[in-house]
Every structure is written in structure tokens, then in C-alpha cells.
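Going line by line, the protein sequences match chains A and B. Mapped onto the working numbering, the consecutive letters of the first sequence carry residue numbers 1 to 162. Mapped onto the working numbering, the consecutive letters of the second sequence carry residue numbers 1 to 278.
Hints were generated in silico from the structure; no laboratory data involved. Among the hints, a few may not be true.
Restraint-style ranges between C-beta atoms, simulated for each label pair [what the hints assert, rightly or not]:
#1 B/Gly230 <-> A/Val151: 36 to 42 Å
#2 A/Tyr25 <-> B/Glu80: 35 to 41 Å
#3 B/Ala170 <-> A/Phe4: 24 to 30 Å
#4 A/Gly48 <-> B/Asp159: 36 to 42 Å
#5 B/Val102 <-> A/Leu120: 51 to 57 Å
#6 B/Ala24 <-> A/Leu120: 30 to 36 Å
In this text the structure is predicted, and so the values were computed from the model without any measurement. From the three backbone atoms N, C-alpha and C, an ideal C-beta is built for every residue, glycine too.
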Amino acid sequence: MVTFIKFATIVYAALLLQVAVLPAYFVDPFQPDLLVLLIVYLGLREGGWHGGVLAFLLGLVEDCFSGIYFGLSAFTFLSIYMAMRKVSDRLYTDNLYLMVLVTFLATLVNGLLQLLLLLLFSAGGTVYASILAALIPQALVNALVASVSFVLPRAGMGEETK
Amino acid sequence: MERLMMAFFRKYRLYLLCGIILLASFIVYSLNLKNREHAGPFERGVMNLMAPLYGVVAKVNGFAGGIWSGYIDLVTVRRENRKLTETVKILNSRLTAANEAVLSNERLQKLLQLKSSLHFPAVAASVVGEDGSPWFRTIVIDRGSVDGLREGMPVVAIDGVVGQVVKVAAGSSRVLLLTDHASGIAGVVQRSRARGVVKGAGGGLCSLEFSLREEDVKVGDTVVTSGIGGIFPKGLPVGEVSMVRKGEYGIFQTVDIRPRVNVSRLEEVLVILQEKHD
Chain A
1 MVTFIKFATI
11 VYAALLLQVA
21 VLPAYFVDPF
31 QPDLLVLLIV
41 YLGLREGGWH
51 GGVLAFLLGL
61 VEDCFSGIYF
71 GLSAFTFLSI
81 YMAMRKVSDR
91 LYTDNLYLMV
101 LVTFLATLVN
111 GLLQLLLLLL
121 FSAGGTVYAS
131 ILAALIPQAL
141 VNALVASVSF
151 VLPRAGMGEE
161 TK
Chain B
1 MERLMMAFFR
11 KYRLYLLCGI
21 ILLASFIVYS
31 LNLKNREHAG
41 PFERGVMNLM
51 APLYGVVAKV
61 NGFAGGIWSG
71 YIDLVTVRRE
81 NRKLTETVKI
91 LNSRLTAANE
101 AVLSNERLQK
111 LLQLKSSLHF
121 PAVAASVVGE
131 DGSPWFRTIV
141 IDRGSVDGLR
151 EGMPVVAIDG
161 VVGQVVKVAA
171 GSSRVLLLTD
181 HASGIAGVVQ
191 RSRARGVVKG
201 AGGGLCSLEF
211 SLREEDVKVG
221 DTVVTSGIGG
231 IFPKGLPVGE
241 VSMVRKGEYG
251 IFQTVDIRPR
261 VNVSRLEEVL
271 VILQEKHD
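In isolation and in its complexed conformation, chain B is listed as follows (with noise of 0.2 Å):
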């Protein structure tokens, strides 16, 4: 029997082989499904050794950019520039309105003594690379531990929410965009206050999840963070409806969402220093 079992491990050693070390692999990333949003010491070992160059070919990618715009794309500049003088013009009529607008909404403001919204500590970051698959979305920013950025913090652009910080080496940290698949984030129809989970569906689209059928969701609705979850601030911007589906069944509507941050165009962001609370 014995002599058997050998002669058996003998023949059929490679393959043998070949299956434990696919099933050791296998283990590897199955052990750290349950931790896919911390940095093991791997991946922040790898993190640290790549970012020095990061910042470096961010600079030679703008010095680039910038010998194409600042010289050779010159043939277009003289028509722009003339539509251009037109534009400002309009615009300047419009600043006066603006200027007037503005006055007035800060004596309502110093009348009506609005409390502030929560002022958080913020870092702004540059995003210096992305996600080397074309299925998942993520960028690596080059801010890390050391400028207090934590697992889980919420990042934000000019015009609304980017995502979440999800791997933290020392000097940078890679953010899960919020049109990853992965993504979710907690969110609200600003007008009819309707709630539901803003989950990214690829292709620089989100979707609004788990949103009841009966709740009233159009076409051109602004979507915001509720704040539920203690992650993102209540109120940040996310996107608008772009699409609603109500279905002959079913308890939940289809609706899709463009976000208001183009991410495909992302330079800078702004990572709140804001750790996750209930």
C-alpha cells in the first residue's frame, strides 16, 4: 500500500505540485479578501518604492503638456482667442449681476446668523497615477501617513465627491473612485430627499441603489451624501440623475448617475482628515 501511495506521488508529482502552489496562491487571496480595504505590508512596501518617480513623471507629463499647448497648438489660438474677447464681454455684463447677487446674499447671511457648517482639516493632494487595469478605477495621490491621511477618509475635488482612500503607504495612498464597482457611498435625492446607496457601475457612471420605487427620483436631480456611515460629510455633491427606470415589478427603481467630478480629468483632490464615526 505503502509502495502504492509512493509510486503514486512519484508519477503524479508536477501535478501535485502545480495544485499546492495554486491552492497557496488561492489562500493568499482569499486571506485578504476580508482585507481589501487596508495596505498589508506588501503592497505599502511597494507603495513607498514606487512613489519617488511618481512626482517626478507627473512633472515631465505637464512639461510636455505643457510644449504642446504653449507652442505647438498655437494654430487654433488666434480664432479662440477672438470667440474668447466675445465671451468676456458677455461675461463681465453677467460679474455685475454676479457682484450685486453676492452683496445681497451676504447681508441676508449676517441677518439670518446661519451656523457654519463643520469646518474639517483638509490636505490637498495631486494625483500622480492610476489604475494599471481598465476594469477598476482607482488613482494613487501623493500624500500618505505622514501628512495624516488614514484608511477610509473621504477625498473631494472642487465640483464633489472623488471617492475613498483605501490604501495608505508613507508617501502616498491609492483612492477608490467613486465609479469603481467597489465603491458605495451613502447618498440623497437633494429636491425629494429620496435615499439610497450611490454605487459605481464602470464607464464613469454610478448608479443610485436600493432606491424604492414609490420614492420621487427625476431625470436631472441633484444627488448629495446623506451622511450616513460617518464617512463623507452630509451635503457634498456627488453627481445628477441621468436616467430613471421604474420596472412593471420589483420594490427598487433603476437610476443612474453622471457624477459631477469628471475623474477621468482629475488633478488635484482634497483628502478630508476626517476618520469614519458613527
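This is chain A alone, in the form it adopts within the complex (with noise of 0.2 Å):
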């Protein structure tokens, strides 16, 4: 329950920071996307079921306040997710430069995913040319935040389960 709580907090935080704080100080697309963030520690340093319920929930509450297509970050969150839990065995998760590194990749393909799923499924023909644009430049900044954030102690949010 408290784990539970705790969990909540920072997620309620990072929404709160990304919609009502970051832009009135970072230009687009210089505001990192702390959802993504979460996910990838979720990813590699967390396990379990419940891993993947969250990732989808997180995903559902990006969209929330992100652009009009529910269920697009929730698709592509859990896709992430799943690939990151795949490949997490083989790699060394306490390494601060590595998970910098898959933040940064993390933060590509998530792009590039919702890029594929909108020119496939919606009308935006032209939207290909903001997320192009936005990409290295969020998944710089996303980078620079992890090698912030994760240098922080694990947030005492479970037993890692492998």
C-alpha cells in the first residue's frame, strides 16, 4: 500500500510538473517528458505483472493530456515496456550511463511509434514533420533528466523481481 502510494505521488508530481510548470520555462520541444522516464525504470529496474498494468496506465494518463488520441501513449508505453522487461536480463541496470542511454531510446522509439500509428490510423498526414522535429531534442533532454533522476535512490518501491 505504501509502495502503492509512494508510486502515485511521484506520478501525480511528474504530471503536474510536465503540464503545469515545465512549459512556462522550457521552450517545445525542450521540456523533457517524465512519464517516459518512469516507464523506463518500470522497465529495467522493476518487474512483475503489475509492471505492465502500470505502463498502460501511465500511457492512458499521458493521453489525458496529450494531444486527442486515447489509447496512443498507452500502446506505445506498454510496447516499451515489454521490450525493455525482454532485454532487461542482459543488462546492467545500475549502470547510470546505460539507463541514461535507453532513456534516450526509449524516448526515440516512443516517438517513432506514435508517429507510425498516426499515419497509418488518423488523418494527420502533416504531423510527421512536428514529431521529426521534436524527437532528438526531447530525447536529448529526456537524457539530461535521467542522468539526474536516477542517481537518486530507488524510490524504496519493491523488491526487484527477476
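With the hints in hand, could you dock these two chains into one complex?
Structure below.
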């Protein structure tokens, strides 16, 4: 229960920062997507079936404040989480540089997956210009934030399950 | 045969499970594609949960900004003060001429007995949040269904059109800005009455789609809402034409529009409480 409350608080704070605080001080596309960092953390350092459920829910929450396509981020976050779970056994997840690199790549994959789904299933034919222009800057900003965030001690989310 | 099937399922159960879960989440996404301009129960619940803090955070931001501009940023104030004094002198003389023009206009209006344009009820709202992604363009305002807002209502600012309400919760709403790729507003060039659809192009710009090649559109032309579709009242300023390109072939011309409203600096907006009518 305590773990759940801690995680909910972190998500609430991340969402508040991302939607209400950071846009006032940072220009697009140099605003970090803090929920992607949480997905990377869940994928590499936490585990179990609840991680997948959390990843899906985080995606739905991101969709509540991003664009008008409900379910888009849920699908991409879940896909990224599953890919992370698949490779987490082979990675030394205590290494900060690795976490930063994975965050960078996860942000790129998230953007590209969203682009693919939008091009295939929505009428936003011109959205590729916005996404491709913002992809690298956002990935770099996310990596920068990850280099600070993942230094912090684990939030006591639970024992590592492998 | 049955044993083979069971062995197959046992061997690949993890991949099958992952595939089923991905398929389920994809079904959630595709089911909501048709319904993207309405907020579902989950979205409404999350927005209601976040709404109370947005106002507080906006006030804290304003306070921090006030401290900066009121105390820390005083270095250039003296120089700016001198420049502004000169400007005020010039403006005062223009004001006198403008007052004369206003009085003349009032007299002409009474003479012509212009029928006043339809007045719609409207509610003012503050912008308390922005989109969580850099490639979508939405804002969060601090008004919702309790204030009479409904999905599809037009949103304007002092300078012109801002966008359209797309998701409504009890105390907050999300507005799709006119610069978002999913936005489409029926527009008309004020000078030549050339019609088209103003679609968001990202990067703070819009484009006038479906404008025929032979239509007379020039750089500097003002684009206003045409009223077609029954969403936006007719005549609201949308933006100014910044580029016109007619290719050698094709039936349409390419027209870029710079919106009148600076959507990246919005603080207050007005929601017109008019439901869509044809």
C-alpha cells in the first residue's frame, strides 16, 4: 500500500511538472517527458505483471493531457515496457550511463511509434514534420533529466524481481 | 494433435501472452479513434483529479514571475522608462486624432443603423496547463462542464481564434489549438472571399487547405472564419497570409497562415457558449 501511494505521488508530481510548471520555463521541444522516464524505470528495474499494468495506465494518463488520441501513448508505453522487460536480464541496470542511453532510445522509439500509428490510422498526414523535428531534442532533454533522476536512490518501490 | 497444441502453447506462452496484451491495448486505441473529440470516463476522472492543483501552480508561477519582473529585472527599467516617456508623447497626439475618429464613427453608426452582430454568451477562462507532448498543441483551461462548457465550443482571445474545446471535465477542459495538426477551421480570405480550411501545421503556423489555384490570395491578406460548419461565428480573425505558392500543376495552391493569436503566450481566453449548429 505504501509503495502504491509513493508511486502515485511520483506520477502526480511528474504530471504536474510536465503540464503546468515546465511549459512556463521551457520552450518546445525542450520539455522533458517525465512519464517516459518512469516507463524506463519500470521496465529495467521493476518487474512483474503489475509493471505492465502500470505502464499501460501511465500511457492512458499521458493521453489525458497530450493530443486527442486516447490510447496512443498507452500502446507505445506498453510496447516500450515489454521491450525493456525482454532485454533487462542482459543489461547491468545499475549503470547510470546505460539508463541514460536507454532513456534516450526509449524517447526516440516512443516518438517513432506514435508517428507510425498516427500516419497509419489517423488523418494527421502532416504530423510527421512536428514529431521528427522534436524527436532528437526531446530525447536529449529526457536523457539529461534521467542522468539526474536515476542517481537518486530507489524510491523503495519494491524488491527487484527477476 | 492436442498434445502438440498444448506443447506449442506451453513453449510460446510468454510471446502469445505479450501479443494478446499488445493486441488488447491496440484495440483500446483503435476503439477510441472514432471518439477522439469526446472525453471518456477515464480521461474525465484524471482531469478532475489534476484540476485542483493547476490553479495553485499557475498562481505560484505568476508570483515567481512577479518577483522577477518587479525586483530582479529592474536593471533595464530606467532606460526603458526614458524610451517609454517619448513613446507616450507620440501616442497622446495620436490618441487625440483617434478620439475624433471614434466620435465620427459613432455618429455614422447611428446614421446607418447597423444591425449589431449576434451576441453570444461567453465565459472567460485562464490557461493553467499545456500539452504534455511537444508535437501536439492543446492547452488546459480552468473551466469545465459546471461552467456550461461542452465539447466543440469555439475558443477565442482578444486577437482572434484560439481553437476548439475537445475534452471537458467538471472543472477543467482541454482546448485543441488552431496550430495542431488535427485542427480544421472553415476560413475565408477577407479581401477576395477565397474559401478554404485553416489546418494546423505545427511550429506555430497554419495552412489554408483546399484553396483553388485561381483564387486571389496574396501575402498580407487577413483570413477570418467563414461560419461554415456552425462552430465558429462568422468574421472572427484567424491570421494573416505569410506565404502563397502556386505550383505548375495541381488544382490547389499552398497558402501558409501566421495566426493572429500568439498561442505560446496565452493567459486568458474566452469560450463562446455556442453549441454547433448547421
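Comparing the hints with the structure gives:
Checked against the given bound of 36 to 42 Å, the beta carbons of B/Gly230 and A/Val151, roughly 55 Å apart, lie outside it. For A/Tyr25 and B/Glu80, the hinted distance range of 35 to 41 Å is not satisfied, since their beta carbons lie about 23 Å from each other. Taken as a hint, the range 24 to 30 Å holds for the pair B/Ala170 and A/Phe4, whose Cβ atoms sit roughly 25 Å apart. A hinted range of 36 to 42 Å is violated for the C-beta pair A/Gly48 and B/Asp159, which are about 52 Å apart.
Roughly 56 Å separates the CB atoms of B/Val102 and A/Leu120, a value that falls within the hinted 51 to 57 Å. The hinted range of 30 to 36 Å is not satisfied by B/Ala24 and A/Leu120, whose Cβ atoms lie roughly 18 Å apart.
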